[in-house]
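Asker: The residues making up each chain are set out below.
There are 2 protein chains.
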Amino acid sequence: MAVARVFKLVKRFEGFPKEDDLKLVEEKLASPKEGEILCNTLYLSVDPYMRVFVDDLPLGSTMIGEVIARVAESKSPDFKKGDLVASFQGWTSAFLTTADKAAKITHLPEGVPESVALGTLGMTGRTAYFGLLDVAGPVKSGETVLVSGAAGAVGTVVGQIAKIKGCRVIGYAGSDQKVEMLKALGYDEAFNYKKVDLSETLGKAAPNGVNIYFDNVGGNFSDVVLMKHMSMFGRVAICGFISQYNNKSDDTSKGEILYGSILAKELRVRGFHEATYAANAEKKKEANEQLAEWVKQGKLKYKETVTEGFENAAKAFVGLFTGVHHGKAVVKV
Amino acid sequence: MAVARVFKLVKRFEGFPKEDDLKLVEEKLASPKEGEILCNTLYLSVDPYMRVFVDDLPLGSTMIGEVIARVAESKSPDFKKGDLVASFQGWTSAFLTTADKAAKITHLPEGVPESVALGTLGMTGRTAYFGLLDVAGPVKSGETVLVSGAAGAVGTVVGQIAKIKGCRVIGYAGSDQKVEMLKALGYDEAFNYKKVDLSETLGKAAPNGVNIYFDNVGGNFSDVVLMKHMSMFGRVAICGFISQYNNKSDDTSKGEILYGSILAKELRVRGFHEATYAANAEKKKEANEQLAEWVKQGKLKYKETVTEGFENAAKAFVGLFTGVHHGKAVVKV
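Chains as they are written, first to last, in this note's numbering: chain A, 1 to 333; chain B, 334 to 666.
Just chain A, with the same shape it has in the complex (with noise of 0.2 Å):
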C-alpha cells in the first residue's frame, strides 16, 4: 500500500502566510481500481494565486495546486505506467485519480526537465498566451508592452513572446539581479521597482504610452500607470495583483480617477484567468504547441527556481511574497 505525505492547511493566513500555518501529514493511498490510475508526484507548483483561493478551504484541507507526476499502476486504458501527467491535485507526494482529472504531457521537447510542464510550459506559460494574444491582443508589431511583476512565472513568459511578436518590452521586478534576467531574456527595458521612481522611468521609456500594461501586481504601481502612462486605446490585462493579497486594508487607492483615465484614454481592461481559456480543449493545445515550439526555435527561454525537497514546500510557498524567486517556483518531491 502506497503512502503519501501531504500539507495540509491548519491555520487560517494572516498577512503573509507562514511555514506553520501549514502542516505535513501521512496519508496511505488504497489500490487503484478500474479506471483509476496511482502516481508519484515528480514536482509541484506554488504560485500566488493559491494566496487567495486558500481563503475559501476548510481547514483541515490539502494544500492546492497542480503537481507534475508518473504513472507508477494504471488500471485505466488512456494512461500506461511511466506516462507523465498533470493533475489538480494539491500538495501531495502520490495520489490514486481517476483517468479523467490527469492530463497526460506529451508536448515537453527533448531535453526540458518535466518541471517546465507546470511553469513556460504549463498553466503559466499559457497564461502569458492567453493573456497577451488574446486577452490584451491583437498585439501589433512595433506596440510597447509593459509588465510588472517582470521576473515572475509570468512575466518572463509574456516579455519574450512580446519580443517574438516584435514589440517593445518594458518590465519591472524587485531587485537587481532579476532587472539583469530581464534583460538576458530581451526586454528593452527592465528597472528594479525599489530603486527607481516608477513614473520618471516609464516616461522615458514609454514616452508615447504604454499599448499593453500586463498586470501582476495591482495597487499603487497599477493606478500610476494607469493615470498617467496608458496610449489613447491601451489594452491593460490585469492576470493578478499580487502586491493587495497579503494586505488586508481596503482603502489606499484612488478608484475614481481610475474610472477618469479609462475612458479619457479609452482603455480596455480585462482580468482573466488561465482557466477559461484553457477550457477550451483546442486552444489548450494550440497555447502548448505554440509555446513548444518557440522553446524549440531557442526563441523562448524558460527560468524556474527549483526548491529541493517536498518537505519545503510550505517554505518556497512563501517565498512567492518575499520575492526570492526568479521565473516559475517549482518544488522537486
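Please note that a few of the clues may not be correct.
Unchecked claim - Result set (BS3-like, lysine-lysine): computed pairs, CA atoms no more than 25 Å apart in a straight line:
hint, chain 1, residue 1, chain 2, residue 2
1, B, Lys-414, B, Lys-496
2, A, Lys-265, A, Lys-284
3, B, Lys-361, A, Lys-283
4, B, Lys-351, B, Lys-527
5, A, Lys-265, B, Lys-356
6, A, Lys-183, A, Lys-296
7, A, Lys-299, A, Lys-80
8, A, Lys-284, B, Lys-598
9, A, Lys-265, B, Lys-616
10, A, Lys-183, A, Lys-299
11, A, Lys-265, B, Lys-617
12, B, Lys-434, B, Lys-618
13, A, Lys-332, A, Lys-315
14, B, Lys-437, B, Lys-634
15, B, Lys-408, B, Lys-344
Simulated from the structure, these hints should not be mistaken for laboratory data.
Dock chain B against the given chain A, drawing on the hints supplied.
Answerer: Chain B alone, transformed into the frame defined by chain A:
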C-alpha cells in the same frame, strides 16, 4: 451683416460651474464665401462632458458643443437654404462655416422636433447605441443590464435599447420623479439612489449579478457595483463619471480591490467616446437609421428638457450637475 450671440468662457470653473464663468457677447459674421454656409442655430446642446473638456480650453474661447441649425445662405454645392445641419460650433446663435464642418440631418422621422437630433437621434443616442451594443456587447436576450445616471440623456436611451434587446434593465437616478419616468420608459426596476441602499436594492434586483453595467457616474457608486454586484464575465462600459467632474479630491476610492474584482470575475471594463465610433461614417449612419426606425416604431421614446432662450444656456449647463433635467438637456435659441 449677421450678428451672432456667443457665450465665451471668462473664468475657470472651480468645483461646480457658475453662470458667471461664462459671458454673453455679440460678434459680427461676414457673408459666406465660396464653399461656406451661413446658419442660424435652432438648438444648442449642454452636456456633462463639457465640464471636463473645458478645463483645457483657453479663457476667452467660445463655449464648446454641438448645435442644430438651419442654413440661411449657402455658397456650397452640398447645401441649400433651409437644410437642417448638426455642427460642433459651440454656443453661438449663428455661424459661418465650411461645408465639411456641418452634417446634413436627414434621418428625423416626421413630427420629431429638430432638437432630438442633439439627443436620442443624435450624439447622445449614438453614445447609448455604441456603448451598449459595441463596447459592452454583444448583448444577449435575458441579460441583466444596470444603468447609472439612468434618467440622463444617454441613460434614458440605453435602458430602452436594452429592453428592445430583451434584457432585464435596472436603473438608478436622483429623484422620485426620475424613477417614475424610468418605469414609464420600461425599466424593470428603478431606484432613487439618494433614498435607498445601493448594495441592498441591487442585490435583490440582480440576485445573479449584473451582466452589463453602463456607467455614467463613476465614484463610490461604481466601486460598489464593480466590487460586489457584477456577474462572472460581466462587461462594464464607462461612458462618464459625472459624480467626480466637480470634485477636486483625488483619493476617496478603492482601486486595489477594484483590480481584484476585475480579475476574480474576469470583467471587461472599457472606456469609450462616441466620436471614435461615429468617425466611421458607415457605423454612424447605421446607428442614426436604427435609432430613427425604433422611434418611428414607437419602441424608443425621446426625453428632453428644453430651456427656452439662448441667454439661459449657462443656467441650463449648471443644471446638469444639480440634477434638474430629465433626459437630454437642450437650449432653444
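Asker: If a hint holds in the structure, say so; if it doesn't, say that too.
Answerer: Hint-by-hint comparison with the structure:
no.: 1; hint: B:Lys-414 <-> B:Lys-496; in the structure: violated (40 Å)
no.: 2; hint: A:Lys-265 <-> A:Lys-284; in the structure: violated (33 Å)
no.: 3; hint: B:Lys-361 <-> A:Lys-283; in the structure: violated (66 Å)
no.: 4; hint: B:Lys-351 <-> B:Lys-527; in the structure: holds (24 Å)
no.: 5; hint: A:Lys-265 <-> B:Lys-356; in the structure: violated (31 Å)
no.: 6; hint: A:Lys-183 <-> A:Lys-296; in the structure: holds (21 Å)
no.: 7; hint: A:Lys-299 <-> A:Lys-80; in the structure: violated (33 Å)
no.: 8; hint: A:Lys-284 <-> B:Lys-598; in the structure: holds (21 Å)
no.: 9; hint: A:Lys-265 <-> B:Lys-616; in the structure: holds (21 Å)
no.: 10; hint: A:Lys-183 <-> A:Lys-299; in the structure: holds (14 Å)
no.: 11; hint: A:Lys-265 <-> B:Lys-617; in the structure: holds (21 Å)
no.: 12; hint: B:Lys-434 <-> B:Lys-618; in the structure: holds (17 Å)
no.: 13; hint: A:Lys-332 <-> A:Lys-315; in the structure: holds (13 Å)
no.: 14; hint: B:Lys-437 <-> B:Lys-634; in the structure: holds (23 Å)
no.: 15; hint: B:Lys-408 <-> B:Lys-344; in the structure: violated (37 Å)
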